[in-house]
Amino acid sequence: MKLRNGVRAFAALCAVVVAFAALLVSPGSAGAAGPVVSARDLIADAAAHDGAIVTVVGEVIGDIMHRGTITWINVNDGSGTIGVWGASDLFVELTHAGAYSHRGDTVRVTGTFHRAAAAQGGDLAIEAAAVALVASGGPSPRPADPARLRLAVVAAVIACATGGSWLWRWVRLRRAASGTV
Amino acid sequence: MTVRWEWRTVAYYVGLIAAVVGALMLVPLTVAMLSQEWAVAVDFVLSLSVAVSSGCGLMMLRPHRLPDLSWAEGMVIAALSWLVATPLAALPFWLSGQWLSYLDAVFDVMSGLTTTGFTLIQNLDYTSNGINMWRHFLSWLGGQGVIVLALTFLVRSLPGAVRFYFGEAKGERLEPNIVHTARAIWYISLVYLAIGWTALTMLALRLGLAPGRAVLHGLWAFMATWSTGGFAPMAQNLGYYHDGAFEFAVMLFMIVGSLNFHLHWAVWTRDRREIWRNLETVTFATTVTVLAVLVMWDMSRRGLYAGTAALLRKGYFLLLSAHTGTGYATVAPDQYFGASGPLALAAVIAAMLLGGSASSTSGGIKAFRVGLIVKSIVWDIRRLLAPDSAVVIEKFHMFRETVLDDRLVRSALTVVLLYVLTWAAGTAATAAAGYDLAQAAFESASVTGNVGLSAGVTSAAMPAWLKVVYILQMWLGRLEFMSVFVLLAYLWRGMWGR
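Order-wise, the sequence lines are chains U and G.
Residues 1 to 181 (this note's numbering) are what the first sequence spells out, left to right.
Residues 1 to 498 (this note's numbering) are what the second sequence spells out, left to right.
Hints are computed from structural coordinates only; laboratory data are not their basis.
Okay, the calculated bits of chain U under chain G, using three or more residues with CB under 8 Å as the criterion:
1) 65–79
2) 117–131
Reference excerpt, derived from the structure (chain U facing chain G, CB under 8 Å, subset only):
3) G62
4) A99
5) Y100
6) R142
7) R148
8) A159
Beta carbons: idealized from backbone N, C-alpha and C, even for Gly.
One chain only, chain G, in its complex shape (with noise of 0.2 Å):
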């Protein structure tokens, strides 16, 4: 009985998730109508009406009464939502023929809502508007959190919205009501939406766009940058443009994307002084720096760029969209991969591992367990030189003064093991499809942060298994484990009843 209570209460919610993605997908279309692409735009009802349907079947199973969530039945909705949204949205994508198989379809879908940025897609650049909307839509709204969307405008009476809100990774509230966060959340990206996607208009106006295109190409510049999600409407990446304004206002909205929206609130509610004084923001800043100078040394002393301009655009950009999790590039990968020393490689694979802040649109390790990690090392050495009945206290500064203890050190650590580990298991799969160690750790250090920078193992030619690890990959990377985990537990349960 009450096993049959919990499905049903899931399917629901999934359903409601299903049905979401169908009604998504009147902006792709309303895009291809505009742009008289008749085509794409019947490839967009056909694949809304599955996801309606399919959708609305299953909240025809609700029980008379939504019971409240527990946070395992949170963490499953939240894991089984994304495995339900991916293949209702690559519907599109496959239909339009640009992807060789449903797999490479479902596969950039999972790129595009992890913000992770790799593309199966063939003939990039003549892509139709509708399906590059579809894209870059999908990946902005990844940024924001599938469960988001349906916090804020369908589920405000659910007592127990946050426990799927926090099954999402999304692990700060900005008020104290869980759906007010989440409107919150979606108040801030579509503030910066408005900035953002004007801001870049007029820069792809100056650089010589036509007014229709400027206004596209400046709405999925945006969309992709913010999500830190990196998808590109042309085959050359963010190489397209040829633009140094361009490249360096794309480099302001990633470390903006790459931000906690709870810093962004705190910042635009309160205290300014916030971003100068929390954790996140200066193990960030920290990293970064010492990163990139790494980086852009050693592209100097290999002879690669000269001068400021060129190591800005090339180094300084590379690492910090490898930082943030976009995946931008200004550069082929034989360009960045085959001629960058293996220090340069080195800084790029760990900015691609440590990535964002929490609570962010960002994946990867993130700033905050950074933060905790070295201030846990220095708090045992201060405990080792004090005298034996001292007692040690650490603090640090995360929109409130907090005292380290054991628990937050356990918990963040074990976040950065599973990820060394996700990363090491795609590194060896990688390698054990035949490619070479450093590409393989590169590719898979890509994948596990949520990145899409590529040492060219992604492509429509790579085995299918390979491209099942890396979805599970992205899968994984995003959510941070602990859903997926429940979510196993959960079917565990359900087929031996323990």
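Next up, chain U with everything else stripped away, as it sits in the complex (with noise of 0.2 Å):
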């Protein structure tokens, strides 16, 4: 009983300093990166966090534009989305932009906030110091209802019903006025 009471607590505290361990290791850690904050802060009191070094989790929309050297990004994290550009070797690890039917990888990106980056001709922009995988993104298929299919085949049909009764009256009309009838 003391045995396995002493196997439970080694195996505890195992794994207290293997999470403490990753913690340690993490490129995104609190301690290195600079507090988390949300993209609709940013945009909403950029002056204040200007030239700041912040940590933005979220995921990634749209595109993964590579320009050569560096590579541009937009990151939404649920409050709002803000652009992120880096060396190009920091975001090799991204494959998936999110989309209609796609989920975006969730990044963590570490870097300066720019209020107006010279650089980058004024844009509002995180410009990346480390950006850490934390999820991968992939398909999110988007199925159509049956009972909607079922209703759109009987509304094209009520369509083109209506369509050629149209059509039968136009041509008629036309036949009328050319005296064929």
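The task is to assemble the complex, starting from two chains supplied on their own in separate frames and drawing on the hints.
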């Protein structure tokens, strides 16, 4: 019994140590990367954050825009979307961007926030120093609703009937106008 | 007997527009199917069927012989067509579930067709290609005019076509024949579509979009730019692309889109010097330059942007977007509305109300009227300085030399007055909903001038009655009042027999 308790205590201690070590080596850990700030706060209070090291966690949306030595992404954290640029090798792990039928990669971006980045024509954006992949994205299928599909078929039949009736009447009017009937 | 005949004729043409709206849905339906967005495709089939059924139903009311239209009927058809086309075109939006209510969907369609560019959509970044195609296509069609489309393809033998062409505030004929004019407008639009789509697609590829997305984003960006609509497929609007060259190309197309179709036609077919002599282009260039200098000076003075590139990409872009009525933004509303000073905001509000050229895709008061009013002030001063016996004549050049007269000035002043009253009413309504006065004045100018830049008022959370006010404002601003007034008079006469 004592032995079993001892093993349990040792296992719990190991788990705590491993978890703590994971936090320390994580590139986005709070101590090394500055506070996690929402995109909404950065945009609404840009002057206050200008030049600060910040961390944003969110989903890559739209496109991963590789432009030679630098890459741009846009990150949506649920409160808003903010642009991020940095050296292209920071973004090599990213493969999915969120769209209608795709979930984008979730990333933790740490870098310098610029209210108006002079190097980027005055864009409000984060100049990334570290980009970590938190979760991979992937397909997010959206199948058609069978009930709505049936309704669409019925509506299409009615539209064909109404359109056909109009066409028939129009042809009759044309013939009457040209004196063929 | 007479009243019944009038209603059947009007019903026929309105039904025709409804059927055309249904047929136009084939375009986004195709895009949805090519993108394998089957749920969206089903929504378009359903919406298309409703539009075609209701349109053909109304067309059945057609009298045996279609009579020539009176001016009043032309105006009524123009105004009613928008009211019928809008709820039908809103069906796919509503079915998609990305708009919180049918009113929100109707708001976005009116915003698209009037080339305003406000949107109440939810989760824009996750919108399907089919829905995005419909949004931008509506905006592009709205730029040419719903009626112009019908005139081009469907009513070639209509003797009174000119009536509803003018009813949609397209005041200048490019060709003596009104249907040829409508076709010329489409010819101009399609040539620019080919050029603009190609250019923006190449730029989108250069800035890192995948080929398929570059083609679609190039097309949508051109449609929203040329029509001066300002819709965008991403929530950050044009700020999504983070690219100066892309923004520069968009600026060029915004200017091109805000020029008079008649001016395009004149330059293409006979006289390139017209662009430098035309009262409207000279007025537009002057007001853009003066207001842009004010905005950039104010932004620079406040330390918002440093360096020419940043001032051009943020300050000049914002002003040009406001003046042409496009409503594209490269910065979030918090940055241009929250951070700019009163001088820059006043300049942007003035630009939104002034708008682009007559007979263009732009809204607003229009440069032609501003130029006429300035000319009339000069005329008055010259008359005061001249001897009593002198006859002072003031001329202006707009495709031909014309002598300025009081009738022209009065007509311009009437529209300016109506615009200002509409803006003031919208400002009062917005302020009454609890927003501060500066926000209300900015938003109301944007709605009245069919621009789409927001001070943070327009959102799904705004009161429903304010959405209705904005829908009416967008409609009034686009049709330049007269068609709507004639429609109201027509309804009054129908109800009271006077």
